[in-house]
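Q: Produce the entire structure from the sequences given, and follow the hints as far as they go.
Residue numbers 661 to 1235, in this note's numbering, belong to the letters of the sequence shown in order.
It is worth saying that the hints were derived from the structure and are not from the lab. Even for Gly, the Cβ is constructed at its ideal location relative to N, Cα and C. Fair warning: there could be bad hints in the mix.
[Said to hold, decoys possible] Computed list of lysine-lysine pairs in DSS-like fashion (alpha-carbon distance at most 25 angstroms, straight line): (1) 1068 with 703; (2) 949 with 938; (3) 1068 with 1190; (4) 1077 with 1190; (5) 774 with 1086; (6) 747 with 774; (7) 1043 with 949; (8) 774 with 1083; (9) 889 with 1083.
[Unchecked claim] Derived Cβ-Cβ restraints for the label pairs, each shown as a range: (10) 704 with 964: 21 to 27 angstroms; (11) 1060 with 1235: 46 to 52 angstroms; (12) 690 with 1060: 52 to 58 angstroms.
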Amino acid sequence: MSKKQLSKKSPKKKPKKSLKPQYKNLTVSQALQQAMRYHTAGKLPEAETIYRQILQHEPNHSDALHLLGMIAAQSNDYDTAIELIQKAIRVDNTVPNFYNSLGNVFSHQHLFDKAATCYQQALSLNSNFAQAHCHLGSALKNQGLIDDAIAHYRCAIGIQPNYLLAHQDLILTLNYAIDSDRAAIFAEHQRFNEQQAAPLSALIKSHNADNDGNPLRLKIGYVSADFRKHAVADFIESVLAHHDAEKVEIFCYYNHLQNDEATQRFQQYAHHWRDCVKLSDEALVDQIKQDHIDILIDLGGHTADNRILVFARKPAPIQVTYLGYPNTTGLTAIDYRITDNYLDPDGMSEPLSSEIPLRMPASFFCYHSHENTPPLNPLPALKQGYITFSAFHNHSKLNQDTFALWAKILHAISDAKLVIQNKSLKSVAIQHALRDRFAELGIAPERLILRYSVPYSDYLKAYHQIDMALDSYPFNGGATTCDALWMGIPVVTLVGDRSVSRMGLSILSTVGLTELITYTQQEYIERTIKLAGDLDHLQALRTGMRDRMQASPLLDGIRFTRHLEAAYRQMWERL
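A: Given below as structure tokens:
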């Protein structure tokens, strides 16, 4: 809600009533404006004090209730936030933004069905509320309702053409859609570049590629919001840990407030650490230029908390996208995309990529095995007497076509169970909807074990109950596949024609498990059924899986990083 809107809603009675000595000459409306200025500036305690002062005088001041609820949400006190915003709605149920804010709180709690209801209520009051369309798209995506999500992202962009988040959410979500072809997805990335990035090209200035007089040591900058406990961290850690300090000088630009054990390790790997979450794009561009970065690496693409429009301003002479987003960015300002021959066979991706593909010799994944991980355990089916499958994928990767494949497998193995685990399953309503979708395919509810995501310390232990994992399609698992393999669990994958549909191919080929790779739906079903019927082979795979992985390029951080550094040098010499 704008300040203008808030001021209109402020009560007009008792205009001279003082709130506190320092505000004695302010009306309630003026005090609210002062609190909002504090709030916008990030001075939450000061803003909260004034909101509470207002509520002491006017307990039903809907704006103060709403904004105090937002402060509670920003402080991760979601229960209080819900209570306050719901009270604001009871006072005035005609304000779309109140419902939008309540939906955001439910989204933070992973209650995406409740969030969607709130956004729909906001849109019933204002169908041109672009933010509510965008947020509803995300709530639907997290329920696996991809087509509906795409429709709402498009609505948001139609209302507000320069809506950056909605456009990025749209192109990210297109990767999950079953019926999106590669050309259509690329065309949307190009539109993003034309609308969001290309207008910034006037800000690009020439670079002096002299590397501060020492061309033997390149300055490499990594930009990411994921230098923390995150799937991307699992794949970039080995790189940062094994960089040759004589060849490269490492700068990490971290775009997130979370600071955990992983963050602290990354800080040790970097020669220079820059917290940039509070920097504007212009300020971050200036910092990168001051650091004289030679090659700047985007690790986020169009995923959450990225800084893609920094790259649109080209603060470094060479720019690269890698790892976090398995597709082109669409930006002509980014020169290269690091990939491999499995994800992007020669000639397949060049026409549909704004960057030059630079292919790693093996997989573009380099998995970092976790310290103190649980030991491997015997195959559960030997004790239980039945096979337990797992699908620990993001709910956005789950769709009716995939459910149909899994249902055919469950029909063929009549006593098998399937464990599905992700953050969206915190909602009982989403669990019921998922059981209903399988029931339509003839699968009894008791054969599904649905779980909310668990802390990482317990996440790997959950594989002790699993015999086999089923990959998602068209968006394959990445970190989930590697985690399952690390715990001895074979993952059967289905290969498609998009990069996101070839991640299982890349990982499994690199560890020599080609028997788990399938190219048709029927082959996927038959291979899974056959393997599930051979308990001795499953146990042998389980027992030898970690040794297999450790002996493969997938876990050879030194080898991978030397190849990556050679690629950086190759880019530099082409400049």
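Q: Hints broken by the structure, by number, lowest first?
A: Going through the list in order, the structure violates hints 1, 7 and respects the others.
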